[in-house]
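Protein sequences appear in the order of chains A and B.
Going letter by letter, the first sequence gives residues 1117 to 1416 in the numbering used here.
Going letter by letter, the second sequence gives residues 2 to 208 in the numbering used here.
No lab work stands behind these hints: they were computed from the structure.
Among these hints, one or two may not hold up.
Label pairs and their calculated CB-CB ranges [what the hints assert, rightly or not]: (1) A/R1272 x B/P132: 33 to 39 Å; (2) B/W18 x A/G1310: 27 to 33 Å; (3) A/E1311 x B/D106: 47 to 53 Å; (4) B/R148 x A/R1414: 48 to 54 Å.
If you want the footprint, here are the derived chain A segments under chain B, 3+ residues with CB under 8 Å [claimed, not checked]: (5) 1181–1190; (6) 1200–1214; (7) 1257–1263; (8) 1295–1308; (9) 1319–1327.
Residues from chain A that keep clear of chain B, each with C-beta distances beyond 10 Å, as calculated [to be verified]: (10) E1236; (11) E1254; (12) Y1271; (13) S1345; (14) N1355; (15) D1370.
Please read all numbers here as calculations on a predicted model, not as lab measurements.
We put the beta carbon where it would ideally sit given N, CA and C, even for glycine.
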Amino acid sequence: MAYKRKLTWSDVTPKADWLNRRQIMAGASGLGLGAIAGPIAAAVPIERDQTAYEDITSYNNFYEFGTGKEDPARYSGAMTTDPWSVQIDGLVERPGNYDLADVLKGMDIEERIYRFRCVEAWSMVIPWNGFELRALLEKVGVQPSAKYVGFETLYRPEEMRGTRSPVLDWPYVEGLRLDEAMHPLTMIATGIYGESLLNQNGAPLRLVVPWKYGFKSIKSIVRITLTDSEPPTSWNKANAREYGFYSNVNPEVDHPRWSQATERVIGGGFFAPRIDTLMFNGYAEEVADLYAGMDLTRFF
Amino acid sequence: MPVIEAVNAGLRRVPTWPVYVVGALPPVWYFYLGLTGGLGAEPISEMEHRLGLLGLQFLLLGLAITPLRRFAGINLIRFRRAIGLLAFYYISTHLLTWLLLDIRDPARIWADIVKRPYITIGMAGFLLLVPLAATSSNAAVRRLGKRWRQLHWLVYPAVLLGAVHFVMLRKGWQIEPLVYLAIAVILLALRLRIRWVTAVMRPDSGR
Ligand code: HEM
């Protein structure tokens, strides 16, 4: 298994120190984010293997290409990602149709090793490359009245065979509260293991919100809209009882059809046991404050 | 039709034991594939899914045998017991995969059975199949007589439960499980029709 290595504290800490310094700098530049809780060393605070590149790129949910786990790897090659542009609109200072190069201009691409927990109770550890969403939002200027961010995936049926069946209401849409979007853990990924994102992983740009179930981390983004009301999200539209707007990883709030208390680690093989799922996927120290006072069984 | 007669004549010459031998292989093969990386990144759920699907397909195949004879004249009746027992074998290994490889923790297994409707329904389907598998021998058929046929009607609710289980466990409304459910409903409807027609044509034969 190429690319597989044990992640230990000594691997994580130097990078974490560096990230932490960056954040303190960012915080000092007057973003009004307040104190950033805890060092980002918590990016992966437990010892877990990084998931093999083959597994990250062959076991995917990307229903635009089919509902099977191998469908995205098999069929997403048909998606054209060059040229690519992102429509950024709504309550922003500088709305427009931004070319991929314009989106990336001035962004500081770094590696972040995050846990990734799917709502289907499996998980990976993924070394992403990308930049903080906050940096992009600051570049386009968020108007003071904005409270939410909506995202939309490419919808091009001739290249996305899965969208020809009505599993979901296409195009796929997702959303975050503005404070979630501005959180330093929230990133836009452009690569994995130092390689450009493959189409099955959401090339060329995707969201990564490590404390939420994987479906929040919308892929192949073509539109970002700042709004003052909660934007619709695809799985919530499909089944509001099962999928809430927040969809934070929470071992205590089960999916109506299955338990969320444990997860299976991808790459563990036949005999690896399930592991316990952590509150906010292990990022509680960084993000729990965002939900202070909220009843998480109601706002699931 | 001569073609069908030829098919039936050919089928009569095929012994049933190879069906058992070949049919026994898939779970073993999947297990081997899982051990050697052939089931992809998530071998446990892949094996679980393949066995569940195979079980459902064999249940439906078993139910198709009577209509096939009625409407197409093809006689597979000799293989029906093997097909039914194999379906039970696949579903048992499907359940075992879930118990021994997937969940493992007895407390959690019980919690899932009582709390997760799709598991409850799958489990009910499995339990309905147990007496059918247990009464598949010639001796049991003889001993139970007419009651054997009545008992084996349980296969219909079992298939329906299995298909509903499938529809429920997929995220969103997916076509594949709905197709299986539709096939189960159609086979059941055909069977009811056959019984009804038989009853009308031979009113003295009773039910
Ligand atoms: C009549 C009996 C049953 C039938 C016909 C059946 C059939 C199926 C089928 C067709 C699938 C989906 C395969 C796929 O997605 O390709 C499945 C999945 C599954 N079944 Fe069953 N099953 C039965 C009984 C059971 C029982 C007794 C259990 C456990 C108590 C069980 C647990 C599961 C689980 C855990 C999955 C996978 C769910 C997931 O990955 O989300 N099934 N079954």
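Each hint, compared with the structure:
A beta carbon spacing of about 53 Å between A/R1272 and B/P132 contradicts the range 33 to 39 Å that was offered as a hint. A beta carbon spacing of about 56 Å between B/W18 and A/G1310 contradicts the range 27 to 33 Å that was offered as a hint. Hint check: A/E1311 to B/D106, Cβ distance near 38 Å, so the stated range 47 to 53 Å is violated. Checked against the given bound of 48 to 54 Å, the beta carbons of B/R148 and A/R1414, roughly 53 Å apart, stay inside it.
For the segment 1181–1190 of chain A, the stated coverage by chain B is satisfied: 3 residues place a CB nearer than 8 Å to a CB of that chain, which reaches the threshold of 3. Against chain B, the segment 1200–1214 of chain A contributes 0 residues with a C-beta closer than 8 Å to a partner C-beta. That does not satisfy the three-residue criterion, and the hint is violated. Counting residues of the segment 1257–1263 of chain A whose CB lies closer than 8 Å to any CB of chain B gives 0, so the stated coverage by that chain is violated, three being the minimum. Here's how the segment 1295–1308 of chain A fares: 0 of its residues keep a CB closer than 8 Å to some CB of chain B, so the rule of at least three is not met and the hint is violated.
Judged by the Cβ-Cβ criterion of 8 Å, the segment 1319–1327 of chain A is not covered by chain B as claimed, because only 0 of its residues qualify and three are needed. Non-interface status of A/E1236 relative to chain B is broken: a Cβ of that chain comes within 10 Å, the nearest being about 7 Å off. With a cut of 10 Å on Cβ distances, A/E1254 stays outside the contact zone with chain B, its closest approach being about 35 Å. Taking the minimum C-beta to C-beta distance to chain B, about 17 Å, the non-interface status of A/Y1271 holds against the 10 Å cut.
Residue placement check: A/S1345 keeps its beta carbon more than 10 Å from all beta carbons of chain B (closest about 25 Å). Its beta-carbon lying about 7 Å from the closest one in chain B, A/N1355 breaks the requirement of being farther than 10 Å from that chain. For A/D1370, the requirement that its beta carbon stay farther than 10 Å from each beta carbon of chain B is not met, with the minimum near 8 Å.
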